[in-house]
Amino acid sequence: MKKMLTALCLGSLLALAAPFVAAQEKQLRIGTLAPKNSLYHRQLMALGEAWRTAQGGGKYLIYPDGSQGGETDMVRRMRIGQLQGGLLSVVGLREIEPSIAALQTMPLMFRSWEEVDYVREKLRPAMEQKFLDKGFIVLAWGDAGWVRFFSKKAALRPDDYKTMKFFAWGGESEQQEIMKRLGYTPVPLETADILPAIQTGMIDAVPSTPYFVLATQIYNTAPNMLNLNWAPIVGALIVTKKAWDEMSPAAREQVRVAGARAGGEIRAQARREVDEAVAAMQKRGLAVNTPNGEQMKEWNALAERLYPQIRGTLVPAATFDEVVGHLKDYRAGKR
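The sequence shown maps to residues -17 to -1, 1 to 318 in mature numbering (1 follows the signal peptide of the UniProt record, and there is no 0).
Keep in mind that the hints were calculated from the coordinates and are not lab data.
Each hint should be verified, as a subset may be incorrect.
Said to hold, decoys possible - As a list, the in silico DSSO-like pairs of lysine-lysine whose alpha-carbon atoms are at most 30 angstroms apart:
(1) Lys280 to Lys136
(2) Lys163 to Lys136
(3) Lys280 to Lys311
(4) Lys148 to Lys280
(5) Lys113 to Lys266
(6) Lys135 to Lys145
(7) Lys311 to Lys9
(8) Lys135 to Lys280
(9) Lys19 to Lys311
(10) Lys225 to Lys19
(11) Lys148 to Lys163
(12) Lys9 to Lys42
(13) Lys145 to Lys280
(14) Lys19 to Lys42
(15) Lys145 to Lys117
(16) Lys42 to Lys117
(17) Lys266 to Lys105
(18) Lys135 to Lys19
(19) Lys113 to Lys311
(20) Lys9 to Lys105
(21) Lys266 to Lys148
(22) Lys145 to Lys9
(23) Lys266 to Lys117
(24) Lys136 to Lys224
(25) Lys317 to Lys42
(26) Lys19 to Lys148
(27) Lys136 to Lys117
(28) Lys9 to Lys19
(29) Lys224 to Lys9
(30) Lys266 to Lys163
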């Protein structure tokens, strides 16, 4: 009888524990601003599947379209455990490590993707260590095309944009102050608010990548594009160190492999999409406005005025100087 009672008690305890065990099922939740069904979203789904298979079960959830908020919100969610990872641009990454801004916040500094790749690889080991020190693992580096200016009215010179209201990232107050000092009018918004803002006249111009403008149909309201590669949009796929430490060794290996594959495919696709997206929008009425030699001198002069204001504020001075030094070395080697 005693054995029977013991067995019954154990059975009851196991039954009671079952919901708790289910509730403790491993989860991998990753947020991004990337559109649903885009290459970026599909690569994250593949990474989640690799994690689940190697982990021997579990549930992964990918949140596209900024459904978890802006990138600043996503970083906050990672820190409190609501998300385990994110595919973020520099806007979000600099909330963790400010020096990452050097890859995206130095306008007209980079002349080609080859230069971006060269500098990023030079910075990468130290940068990844900085993220690790802050509690994050970098799984992959990516980019999403060049920032170009899309506006309601045609514009070719820097001064042409001074009559317009510009979209600006909500969390980048220092950048907004620099814009104001130069005579521009930034309007801080989150990504989800860009389309209604330009449709209602809250803003007149959007600095963004052609792919994003095509995907969100911003070009219908802002049908003019300045054909100028202002700055690259650079990003990374990161997970929290806590989530990483909780993975099995097999899961870590598979996630590393899937992350590296995702980074390579994202970079290659993003670079093709710049021209493809512009061509698709041109067929739908987009006007591409290319600055002439004199107008380009004005843009370069604006960039030169910006650098002293960016160095030491948006980008740490030492990192700014390091980027400039690497670019000098790269260009000297190309001669």
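Hints versus structure:
1. Between Lys280 and Lys136, the direct Cα distance comes to roughly 21 angstroms. Compliance with the 30 angstroms bound is thereby established for this hinted pair.
2. Simply put, Lys163 and Lys136 have alpha-carbon atoms about 20 angstroms apart, close enough for the 30 angstroms limit, and the pair holds.
3. For the suggested pair Lys280 and Lys311, the alpha carbons sit about 20 angstroms apart, so the restraint of at most 30 angstroms is met.
4. Taking the CA atoms of Lys148 and Lys280, the gap is near 23 angstroms; set against the 30 angstroms cutoff, the hint holds.
5. Between Lys113 and Lys266 the alpha-carbon distance is near 45 angstroms, which puts this suggested pair outside the 30 angstroms criterion.
6. For the given pair, Lys135 sits about 13 angstroms from Lys145 by alpha-carbon distance, which is consistent with the 30 angstroms threshold.
7. For the suggested pair Lys311 and Lys9, the alpha carbons sit about 47 angstroms apart, so the restraint of at most 30 angstroms is broken.
8. For the given pair, Lys135 sits about 24 angstroms from Lys280 by alpha-carbon distance, which is consistent with the 30 angstroms threshold.
9. Annotation: proposed proximity of Lys19 to Lys311 is violated, straight-line Cα distance about 39 angstroms (limit 30 angstroms).
10. Among the hinted pairs, Lys225 with Lys19 is consistent with the structure: their alpha-carbon atoms are about 27 angstroms apart, no more than 30 angstroms.
11. This hinted pair checks out: Lys148 and Lys163 have alpha carbons roughly 11 angstroms apart, not beyond 30 angstroms.
12. A C-alpha spacing of about 6 angstroms is found between Lys9 and Lys42, which places the hinted pair at or below 30 angstroms, so the restraint holds.
13. Simply put, Lys145 and Lys280 have alpha-carbon atoms about 17 angstroms apart, close enough for the 30 angstroms limit, and the pair holds.
14. For a cut-off of 30 angstroms, the pair hint linking Lys19 to Lys42 stands: about 19 angstroms separates their Cα positions.
15. Distance check on the hinted pair: Lys145 and Lys117 sit about 39 angstroms apart at the alpha-carbon level, beyond 30 angstroms; violated.
16. Distance check on the hinted pair: Lys42 and Lys117 sit about 26 angstroms apart at the alpha-carbon level, within 30 angstroms; holds.
17. Proximity of Lys266 to Lys105 is assessed by CA-CA distance (about 40 angstroms); at most 30 angstroms being required, the pair is judged violated.
18. Pair hint Lys135 plus Lys19 holds up; C-alpha atoms about 27 angstroms apart against a cutoff of 30 angstroms.
19. Annotation: proposed proximity of Lys113 to Lys311 holds, straight-line Cα distance about 25 angstroms (limit 30 angstroms).
20. Among the hinted pairs, Lys9 with Lys105 is inconsistent with the structure: their alpha-carbon atoms are about 36 angstroms apart, more than 30 angstroms.
21. At most 30 angstroms may separate the alpha-carbon atoms for a hinted pair to count; Lys266 and Lys148 meet this at roughly 27 angstroms.
22. Restraint check for Lys145 and Lys9: the C-alpha separation of about 51 angstroms exceeds 30 angstroms, so the hint is violated.
23. Proposed proximity of Lys266 and Lys117 is contradicted: the alpha carbons are some 46 angstroms apart, above 30 angstroms.
24. Distance check on the hinted pair: Lys136 and Lys224 sit about 47 angstroms apart at the alpha-carbon level, beyond 30 angstroms; violated.
25. In summary, the hint linking Lys317 to Lys42 is not supported, as the alpha carbons are separated by about 48 angstroms, beyond the 30 angstroms threshold.
26. A threshold of 30 angstroms between alpha carbons decides the hint, and for Lys19 with Lys148 the separation of about 29 angstroms falls inside it, so the pair holds.
27. Only pairs whose Cα atoms come within 30 angstroms are accepted, and Lys136 paired with Lys117 is rejected, the gap being roughly 43 angstroms.
28. In summary, the hint linking Lys9 to Lys19 is supported, as the alpha carbons are separated by about 24 angstroms, within the 30 angstroms threshold.
29. Distance check on the hinted pair: Lys224 and Lys9 sit about 15 angstroms apart at the alpha-carbon level, within 30 angstroms; holds.
30. Proposed proximity of Lys266 and Lys163 is contradicted: the alpha carbons are some 35 angstroms apart, above 30 angstroms.
The structure does not agree with the numbered hints 5, 7, 9, 15, 17, 20, 22, 23, 24, 25, 27 and 30 stated previously, though it agrees with the rest.
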